[in-house]
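With the sequences and hints as input, model every part of the structure.
Protein chains in written order, with the numbering used here: chain A, 1 to 361; chain B, 362 to 664.
Since the hints were made in silico from the structure, they are not lab data.
Be careful, since some hints might not be right.
Across the chosen pairs, the derived CB separations fall in these ranges [what the hints assert, rightly or not]: (1) A:Arg120 with B:Thr387: 50 to 56 Å; (2) B:Ala452 with A:Met136: 38 to 44 Å; (3) A:Pro111 with B:Phe397: 56 to 62 Å.
One side of the interface only, derived from the structure: several residues of chain B facing chain A at Cβ under 7 Å [as the list claims (entries may be wrong)]: (4) Leu459; (5) Ala461; (6) Phe581.
No residue lacks a Cβ here, since even glycine has one placed at the ideal position from N, Cα and C.
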Amino acid sequence: MTDRADSSGGTTAPPAPRSAAPATGSGGRGGPDGGRGGRGDRTPRLPGRRGTGAPRPRRRSLRSRLRRDWQLLLMTLPAIALLAVFHYTPTLGNIIAFQDYNPWDGVIGSPWVGFSQFERLFTDARFWSAAGNTLMIAAIQLVFFFPIPIGLAILLDSVLSPRMRLLLQSIVYMPHFFSWVLVVTLFQQILGGAGLFSQILRQNGYAPLDVMTNPDAFLFVVTSQMIWKDAGWGTIIFLAALAAINQNLYESAAVDGAGRWRRMWHITLPGLRPVIILLLILKLGDILNVGFEQFYLQRDAFGANVSEVLDTFIYHQTLVTGNFSAGAVAGLVKGIVGLILIVLANKLAHRMGENGIYRRS
Amino acid sequence: MSTLFADRPVWAERPSLPARAAKNTTLAAIAVVIIFPLYIVVLTSLSPASAVNSAGGLVLVPQGISFQAYADLFSGGVVTRAVLVSLGVTAVGTAVSLAATILAAYGLSQTGSLWHRPLLFAVLLTFLFAPGMIPLYLLVSNVGLIDSYWSLILPTAVNAFNLVVMRAFFMNLPGEISDSARVDGASEWTILTRLVLPMSKGVTAVIGLFYAVGYWNAFFNAILYINDNSKWPLQLILRQYVQQGQQLSSNSVIGDAVQGTASAPNLAIQMAIVVVALVPVTFVYPLVQKHFTKGVIIGAVKG
Numbered sequence: 001m002t003d004r005a006d007s008s009g010g011t012t013a014p015p016a017p018r019s020a021a022p023a024t025g026s027g028g029r030g031g032p033d034g035g036r037g038g039r040g041d042r043t044p045r046l047p048g049r050r051g052t053g054a055p056r057p058r059r060r061s062l063r064s065r066l067r068r069d070w071q072l073l074l075m076t077l078p079a080i081a082l083l084a085v086f087h088y089t090p091t092l093g094n095i096i097a098f099q100d101y102n103p104w105d106g107v108i109g110s111p112w113v114g115f116s117q118f119e120r121l122f123t124d125a126r127f128w129s130a131a132g133n134t135l136m137i138a139a140i141q142l143v144f145f146f147p148i149p150i151g152l153a154i155l156l157d158s159v160l161s162p163r164m165r166l167l168l169q170s171i172v173y174m175p176h177f178f179s180w181v182l183v184v185t186l187f188q189q190i191l192g193g194a195g196l197f198s199q200i201l202r203q204n205g206y207a208p209l210d211v212m213t214n215p216d217a218f219l220f221v222v223t224s225q226m227i228w229k230d231a232g233w234g235t236i237i238f239l240a241a242l243a244a245i246n247q248n249l250y251e252s253a254a255v256d257g258a259g260r261w262r263r264m265w266h267i268t269l270p271g272l273r274p275v276i277i278l279l280l281i282l283k284l285g286d287i288l289n290v291g292f293e294q295f296y297l298q299r300d301a302f303g304a305n306v307s308e309v310l311d312t313f314i315y316h317q318t319l320v321t322g323n324f325s326a327g328a329v330a331g332l333v334k335g336i337v338g339l340i341l342i343v344l345a346n347k348l349a350h351r352m353g354e355n356g357i358y359r360r361s
Numbered sequence: 362m363s364t365l366f367a368d369r370p371v372w373a374e375r376p377s378l379p380a381r382a383a384k385n386t387t388l389a390a391i392a393v394v395i396i397f398p399l400y401i402v403v404l405t406s407l408s409p410a411s412a413v414n415s416a417g418g419l420v421l422v423p424q425g426i427s428f429q430a431y432a433d434l435f436s437g438g439v440v441t442r443a444v445l446v447s448l449g450v451t452a453v454g455t456a457v458s459l460a461a462t463i464l465a466a467y468g469l470s471q472t473g474s475l476w477h478r479p480l481l482f483a484v485l486l487t488f489l490f491a492p493g494m495i496p497l498y499l500l501v502s503n504v505g506l507i508d509s510y511w512s513l514i515l516p517t518a519v520n521a522f523n524l525v526v527m528r529a530f531f532m533n534l535p536g537e538i539s540d541s542a543r544v545d546g547a548s549e550w551t552i553l554t555r556l557v558l559p560m561s562k563g564v565t566a567v568i569g570l571f572y573a574v575g576y577w578n579a580f581f582n583a584i585l586y587i588n589d590n591s592k593w594p595l596q597l598i599l600r601q602y603v604q605q606g607q608q609l610s611s612n613s614v615i616g617d618a619v620q621g622t623a624s625a626p627n628l629a630i631q632m633a634i635v636v637v638a639l640v641p642v643t644f645v646y647p648l649v650q651k652h653f654t655k656g657v658i659i660g661a662v663k664g
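Structure (structure tokens):
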């Protein structure tokens, strides 16, 4: 594998990166590779250094490049090794989806069963129920959770005193850093059968109301939890987009007689549009990942009928029943569908002129 | 509330009184909804038995103060141990994660270096798919990490997103100083530690916070990988004794020293566990918050 910036010889900076480049890490400069196409092309390089400066031999031997870059490679090694062991190796381990795996025989010794695990999965009503719940929760998140950070960001942005704003931001960001166990516990203490709400009802002579075990309230409860935990954190990206809107637009609109609402409609919202579209598309690509701990923690209280999502289904399939292949096959199906969704979502993003999480190659 | 309108631009009209009232009420309500549960939890944990009993549950109005619940928790029982486990995993994990992330972010920030592209690609590819819970569990089990604290650290040690954010930050630093240091014969290690890191305190703090909060809050990996409940981190204790409401007195949650003597009410102890889980996060995060815009938004958000 030679790297292109180096083998392209005397040409100037490589244009856009060709690799998968998450826009999230790009600093707005077009992919992690963007911005500076190699440190070397800004200042003339000494011979034997990296970069694409002209006074360089067209091709360097692997050995001399190794001598030049071994420190960098050594630095990269621990992270790459961790990813190789704990990301790529288990990814290959998905092969047990085609086996009737048992831990004593291992991957080598376990019998191969072709697609029969898939057949069993697709005829399992609980799998379809979990898939249905996942999509339902994702849809609810999209409709009821997604717009809230936008509104909240506009609201926060309208607070003019910097200190007040910082205080409010500190408060609304905070719950993002609480664990799901903590959030669920707090909700239980307020809304549960032994919680504050029921306590007040009881003291006033009413029957207590346990919202936290009522299956009909499940969607309401989990959505409230998501909003409580993450709506504030979600404003960060919109606040950044709001700060990037040219203030002169507001001024000239105001001079032209546009009122507060018209300015919001014609300036603020169009300014937020790219971010909104991007996040919507990313959300579509991520629709099967509705969260895990939140549902795992409340599965017993609300019942598997409403609260089982794909991830908890995989867990209970396997680690409770001991059938590893059944869990792996569900995970593999989820992963493949998720991958397809990400690719489709990015196609959509590119079509709408956005970057998506990777660029068009 | 006049400070709220300190810097209104000259062209903007002052909103009408009802509009201002509505806005301020909304903001105040949001703040209350977030703070109120924390308030009653902290208050109940600090309330004496009489206050908890007379309130018939959670305490809304302060009636005296008692640190009995905390004294019970930290008298050497399960909770003490769990707090130590969580602190240890968080400290070691954050150190490992930050080291691996910073090194790799720097190693990959020099475009044009050997194997830079394939290595970067290998990092970025992890965004597209997760290995899946079951194969990961089997791997952790096969390498013998079940019931080891390392199982709570190594599988999540490198977060590709954090790595990419950090790398983007390094690449946006002015390169001229590093270049001249390199000309003077400085090693990459020297450039990283002497030149690059001192310029990257904010982003390091933010990424460090993300990792630390992740380790402190980690719950499910302990469910998967830690069977021995004497090695449980705090979040599992929180779940067992507070969320699931398992009785505390029948267990050794509180140390032997205080068993049999007058201890704090069950609810106060439960709430004290919540507070213990809450406090590190609430105290560390404001210190780092000022870097959020710089470190995170610049690095991550401007998609």
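Status of each hint after checking the structure:
1. A:Arg120 with B:Thr387: 50 to 56 Å: 51 Å, holds
2. B:Ala452 with A:Met136: 38 to 44 Å: 40 Å, holds
3. A:Pro111 with B:Phe397: 56 to 62 Å: 57 Å, holds
4. Leu459: 11 Å, violated
5. Ala461: This interface hint holds because 4 Å falls under the 7 Å limit.
6. Phe581: 5 Å, holds
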